[in-house]
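First to last, the sequence lines map onto chains A and B.
Residue numbering for the first sequence follows the numbering used here, beginning at 47 and increasing consecutively.
Residue numbering for the second sequence follows the numbering used here, beginning at 36 and increasing consecutively.
Hints listed in this document are in silico derivations from the structure and should not be mistaken for laboratory results.
Cβ coordinates follow ideal geometry from the N, Cα and C atoms, glycine included.
Among these hints, one or two may not hold up.
Stated by the list, open to error - Which chain B residues face chain A? A few, computed with CB under 7 Å, are given here:
hint, residue
1, Ser67
2, Phe74
3, Tyr84
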Amino acid sequence: MAKEVAGLIKLQIRGGAANPAPPVGPALGAKGVNIMEFCKQFNARTQDKAGKVLPAVITVYKDKSFDFVIKTPPAAVQLLEAAKLKSGSAESNRVKVGRVNWDQVRAIAEDKMPDLNCFSIESAMKVVAGTARSMGINVTGKFPS
Amino acid sequence: MSREFIRADYLKLDIKFTPLLPAREVAIAWLSELDFEVFEPTDEGLTAYIPEQFVGKPELLDVKMRLMGLAEVVWSESIVKTRNWNAEWEANYEPVYVGERAIVRAPFHSLPEKAEKDFLDVVIVPHMSFGTGHHDTTLLMMHTLLDLEVKGMTVLDMGCGTGVLAIAALKLGAASVLAIDIEEGAYINTIENAELNGFSVDDRLVVVCGDASNLSGTRINDVILANINRNILVQDMSCYDNVLSPGGQIALSGFFVGDVPVLQRVIDGLGWRVEEVKDSEGWACIICVKPE
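Here chain A stands alone, though its shape is the one from the complex:
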């Protein structure tokens, strides 16, 4: 029989950086989970993505056990990395401080397709490009037809 679920916890944690501090500690600790076990497991599973912000969905069961799935970094985080920006532009509409090309946008859109509620890769790319522009990251070149 499937274990009874006590709750779902959604967090975004940097790879290799889970520790008992808030919000991991309070969120899991309140449900009686051994936080240290979660941290050891999360950090071991994310050694290849150390430092990257990773969405995690943690299922806590009534018997205080848990499991979790790790997704790829949010589009905005991937865009910052792709643009190799130290930070976004201060005035995004006027100063373009970083740039990505449509191939990079497509790669991010394909990666995040399941989370974007888009029916086609083209519409997903437009959503990602919109996020880029709002962060002051210019998308260079022509939209691939």
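Put chain B on the given structure of chain A with help from the hints.
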């Protein structure tokens, strides 16, 4: 790389956005550049936390101003006082038996009645440090330690956590133990737990808050125990090699079976000989010998 667990008060940001997207995502990207490490997305925005001393007000204000260009922002800041977030679990858990040879227990557990004379009893109050025996890696390391025959040897415990392995080594008759952890809370916890088990910091037990860089110029060890993680081990194994005696043994854990080849390459590079690779529930432990 991430910083260690900071047991200080945390600044909590509670931010609401209208419209929610893309502001919530962008906020996570920008705040992660200010060293925020964990985010909790909410229906209206997000909460984010950082040790109070780690964040500069001007940088935070800069992010806030930029986000106001993307959405209507409701921004609130508060302080979360630190406490033992693991208290609920720590108040009531089962002791861990290491085969029939040892137990790792809390003060509220009693010793098994039929314990043999050489049965090893380790008492741990974890207080958010790692090492109560419940994790497969701790159990693998405990089994390994019991097999190594450390009596009369000098032992180094890297990433000591609760100090469980260091204390077990002392009880097994190690000549002296050097226990090191990068996290201040674990350093304090190791000293507390050593005292619970009848040991004080003296010539036989030295506890240091630091990392592998603290090893240069220290004594040579007959046995090294390191239950940390793959990346730290790969980075620091050459430092361990520098303080491991020829013929000395080293046990590594804190990584998955799938990570063994990565460690194997470093082991080969150092010329260590792999004696045994153990595993439990997907976690691995490698025991090596440094050739004479």
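Taking the hints in turn, this is what the structure says about them:
no.: 1; hint: Ser67; in the structure: holds, 5 Å
no.: 2; hint: Phe74; in the structure: holds, 4 Å
no.: 3; hint: Tyr84; in the structure: holds, 4 Å
In the structure shown, no violation is registered for any of the earlier numbered hints.
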